[in-house]
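Residue numbers (the working numbering), protein chains in the order written: chain A, 118 to 359; chain B, 6 to 185.
Take the hints with a grain of salt, since some may be wrong.
To give an idea of the chain A side of the interface with chain B (calculated C-beta under 8 Å), a few residues [claimed, not checked]:
(1) V129
(2) H143
(3) A146
(4) L153
(5) Q156
(6) F158
(7) S165
(8) E168
(9) Q170
(10) E176
(11) L177
(12) E181
(13) N190
(14) N255
(15) T256
Okay, the calculated beta carbon distance ranges per label pair [unchecked claim]:
(16) B:L162 - A:R145: 20 to 26 Å
(17) B:S93 - A:D198: 18 to 24 Å
(18) A:K313 - B:L108: 41 to 47 Å
(19) A:G326 - B:Q156: 37 to 43 Å
(20) B:R175 - A:V311: 42 to 48 Å
(21) A:N189 - B:Q125: 31 to 37 Å
(22) B:K12 - A:G302: 41 to 47 Å
(23) B:L123 - A:Q317: 37 to 43 Å
(24) A:M327 - B:Q20: 35 to 41 Å
(25) A:R149 - B:Q30: 54 to 60 Å
(26) B:Q138 - A:M196: 23 to 29 Å
Hints were generated in silico from the structure; no laboratory data involved.
Keep in mind it's a predicted model, so treat the numbers as computed, not measured.
Note that CB positions come from ideal geometry on N, CA and C, so glycine has one too.
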Amino acid sequence: MSELNRYQNPEVFEKLAMSYAAGTLHGRARKRFEILKQQHFYLEATTSAYESQFGNLVELLPNEQPPERVWNNIEAQIMADIKQPSTEPVKRSWFGWLTHSYTLATLGLLVAILLVVNPLSTHKDAVAYAAVLETTDNTPMAITRITHDDMSVSIDIVKDIPVEDGTILKLWCHPKKGGEPVMMGVISNTGRTVLKIDAQEWENMKTVGMLEISAETRNYSASQPTKKTLLLGQLSPISDNN
Amino acid sequence: MEDNFAKLLQRCAKQDQQAFKQLYQEVSPKLYSLALRLLQKPELAEDVLQESFIKIWQKADTYNPQKGKAITWMATVTRNKSLDKLRSLKLKSSETEIQYEGLDFASDDLEPEHQEDLSQEMKKLRECLKQLQPSQRECILLSYYYGHTHQELSEKLNKPLGTVKAWIRRGLETLKPCLS
Chain A
118 MSELNRYQNP EVFEKLAMSY AAGTLHGRAR KRFEILKQQH FYLEATTSAY ESQFGNLVEL
178 LPNEQPPERV WNNIEAQIMA DIKQPSTEPV KRSWFGWLTH SYTLATLGLL VAILLVVNPL
238 STHKDAVAYA AVLETTDNTP MAITRITHDD MSVSIDIVKD IPVEDGTILK LWCHPKKGGE
298 PVMMGVISNT GRTVLKIDAQ EWENMKTVGM LEISAETRNY SASQPTKKTL LLGQLSPISD
358 NN
Chain B
6 MEDNFAKLLQ RCAKQDQQAF KQLYQEVSPK LYSLALRLLQ KPELAEDVLQ ESFIKIWQKA
66 DTYNPQKGKA ITWMATVTRN KSLDKLRSLK LKSSETEIQY EGLDFASDDL EPEHQEDLSQ
126 EMKKLRECLK QLQPSQRECI LLSYYYGHTH QELSEKLNKP LGTVKAWIRR GLETLKPCLS
C-alpha cells in the first residue's frame, strides 16, 4: 500500500490524527503528517476535531501571569499593523479562500473545513464543486469533490457506511429545478471512490442542486433511487478568485 | 454553555481592540502556562505567547464555533507555535533545565470548587482519561503538556522505549471510542 493510500485509510489516518493532536506524534512523522494534512481535507478535518477535544486539557493548567511587557509588545505590533494597512492586493488560491470562508458556514464540523459556498460563484466559472453529504440527523459522512482539473468526482467516505448483503451504494445528482435525478455511479461504502466524468457532465454540474447517496438492491437496474436515501448534501461551486 | 471567549473572538474579527485586550487578560494566564510547560524557558514562552496572540488577532475571523470552543482553538494555536519553536531551536526537553514538571494539576482529586469551573467538554474528557491505566494516562498527558517524545518519556519514567510506545498506543486506542 502506498503512503498516500495508507493515509486515505480512515483506520490509519484517524489514529495518526489523534496521535498528532494528543502530542504523541513526533519528529519526522509529525512533520510528514503536517504536510499531508495540508494536502488532504479529511486529514485536516479529523485532526482539527481531535485538537479541539484535547485542547480542553488547557483548562486544568494553573494560571501563570505573563509579564506586562508581553501585552505591550502585542499591542505595539497590532497598532503598527493597523496604521500600515497592506497595499498589496489580496491574492488567494481557491483553497486559501476556502479556509477563510468556512467561518461563514453554519454546517457541521466537516462542512466547515470542506465546503465553500461562494456568493460570487454566479459571476465566475466554477473550477470545482464540493458537497458534504450528511445523514438525516446531520452527521457528515461523506465528502464529494468534483474537479475540472482531472475531470473526476471523488467521494471520500469519512465513516464506513454499513450496507446489507446484496446492497450497493449509488451516487445521484438532483437537478436544481427538480425532475429526475441522474445516477453518477456505484460507490464504495468505505474509503475513496473516483468516478471519471466527461466535458458534458462537467457542464451539467451547473444545474445540479443536491447530491444523494442511496442504498440500492444489487443488479436492480433503475433510473432513479429505488431504495433508501442514506446521505444528502448541497453541491456548491467553488471559483478561483485569483 | 455560552462561550464568552467565542464572543470576544468574534469581536476581534471586527478589529475590536477592547475585546482583544479583554480576551488577552482572561486567556493569557492559561496559554502562558501551557507555553511554559512545553518550552520550560520563560523568555521563549513569552515569545510564543506574543506570536500566538498576534495570530489570534489576525486569524480571529477563521475561528469557527461549530468546530469547538474558542479556548481550545487558542490552545491549539499556542501549542503548535510552541512546538514549532522547539523544533526551530532544536531544543529537546531533556536537555533543558526543568522548571515546570509533574501532573499534579491534572490529578483525579481536583478540589471540588475547581471541578465546578471545568467545562462539560473537559469533564467528559476527564471521564475518558479515567478509563486509561495510570501509566497510559501519564504518558499521554506528559506528551500533551510537556511535548515529551517517546524517548524522553522512556528516560523520564525509567521504562523501556517499547513499553512507553505500547502504553501510548493502547491509551489512544482506549480513548478513541470514548472521544468519538
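Hints versus structure:
A least Cβ separation of about 13 Å between V129 (chain A) and chain B goes past the 8 Å threshold, and the interface hint is therefore violated. Hint status for H143 (chain A): holds, given a least beta-carbon distance of 5 Å to chain B, under 8 Å. Restraint check, A146 (chain A) versus chain B: the minimum CB separation of about 11 Å is more than 8 Å; hint violated. Given hint, L153 (chain A) at the interface with chain B, is violated; its Cβ is 16 Å from that chain's nearest Cβ, farther than 8 Å.
Restraint check, Q156 (chain A) versus chain B: the minimum CB separation of about 18 Å is more than 8 Å; hint violated. Checking F158 (chain A) against chain B: minimum C-beta separation of about 14 Å lies over 8 Å; hint violated. Residue-level restraint check for S165 (chain A) holds (minimum Cβ-Cβ distance to chain B is 6 Å; threshold 8 Å). Hint on E168 (chain A) holds. Least Cβ distance to chain B is approximately 5 Å, under the 8 Å limit.
For Q170 (chain A), the interface hint holds, the least distance from its beta-carbon to any beta-carbon of chain B being 5 Å, beneath 8 Å. Taken as an interface hint, E176 (chain A) checks out: its beta carbon lies about 5 Å from the nearest beta carbon of chain B, inside 8 Å. A hinted interface residue such as L177 (chain A) counts as satisfied when its beta carbon comes closer than 8 Å to some beta carbon of chain B; here the least separation is about 5 Å, so the hint holds. The restraint placing E181 (chain A) at the interface with chain B holds, with a minimum CB-CB distance near 4 Å, inside the 8 Å limit.
At its closest, the beta carbon of N190 (chain A) sits 5 Å from a beta carbon of chain B; the interface hint therefore holds under the 8 Å criterion. Of the supplied interface hints, the one on N255 (chain A) is violated, with its beta-carbon coming no nearer than about 11 Å to a beta-carbon of chain B, more than 8 Å. Because the smallest distance between the Cβ of T256 (chain A) and any Cβ of chain B comes to about 11 Å, over 8 Å, the interface hint for this residue is violated. Checking the proposed 20 to 26 Å range against L162 (chain B) and R145 (chain A) shows it holds: the Cβ atoms sit about 23 Å from each other.
As the Cβ distance of S93 (chain B) to D198 (chain A) is approximately 23 Å, the hint placing it in 18 to 24 Å holds. In this structure the hint that K313 (chain A) and L108 (chain B) lie 41 to 47 Å apart at CB is violated, the actual value being about 53 Å. Between G326 (chain A) and Q156 (chain B) the C-beta distance comes to about 54 Å, which lies outside the given range of 37 to 43 Å. Restraint check, R175 (chain B) to V311 (chain A): a C-beta distance of roughly 35 Å breaks the suggested window 42 to 48 Å.
For the pair N189 (chain A) and Q125 (chain B), the beta carbons lie near 36 Å from each other, so the given range of 31 to 37 Å is met. Restraint check, K12 (chain B) to G302 (chain A): a C-beta distance of roughly 45 Å satisfies the suggested window 41 to 47 Å. Distance hint for L123 (chain B) and Q317 (chain A): a CB-CB separation of about 57 Å, inconsistent with the stated range 37 to 43 Å. Distance hint check for M327 (chain A) and Q20 (chain B): the Cβ-Cβ separation is about 38 Å, which falls inside the suggested range of 35 to 41 Å.
Distance hint for R149 (chain A) and Q30 (chain B): a CB-CB separation of about 38 Å, inconsistent with the stated range 54 to 60 Å. In this structure the supplied range 23 to 29 Å is violated for Q138 (chain B) paired with M196 (chain A), their Cβ-Cβ distance being about 51 Å.
When held up to the earlier numbered hints, the structure conflicts with 1, 3, 4, 5, 6, 14, 15, 18, 19, 20, 23, 25, 26 and fits the remainder.
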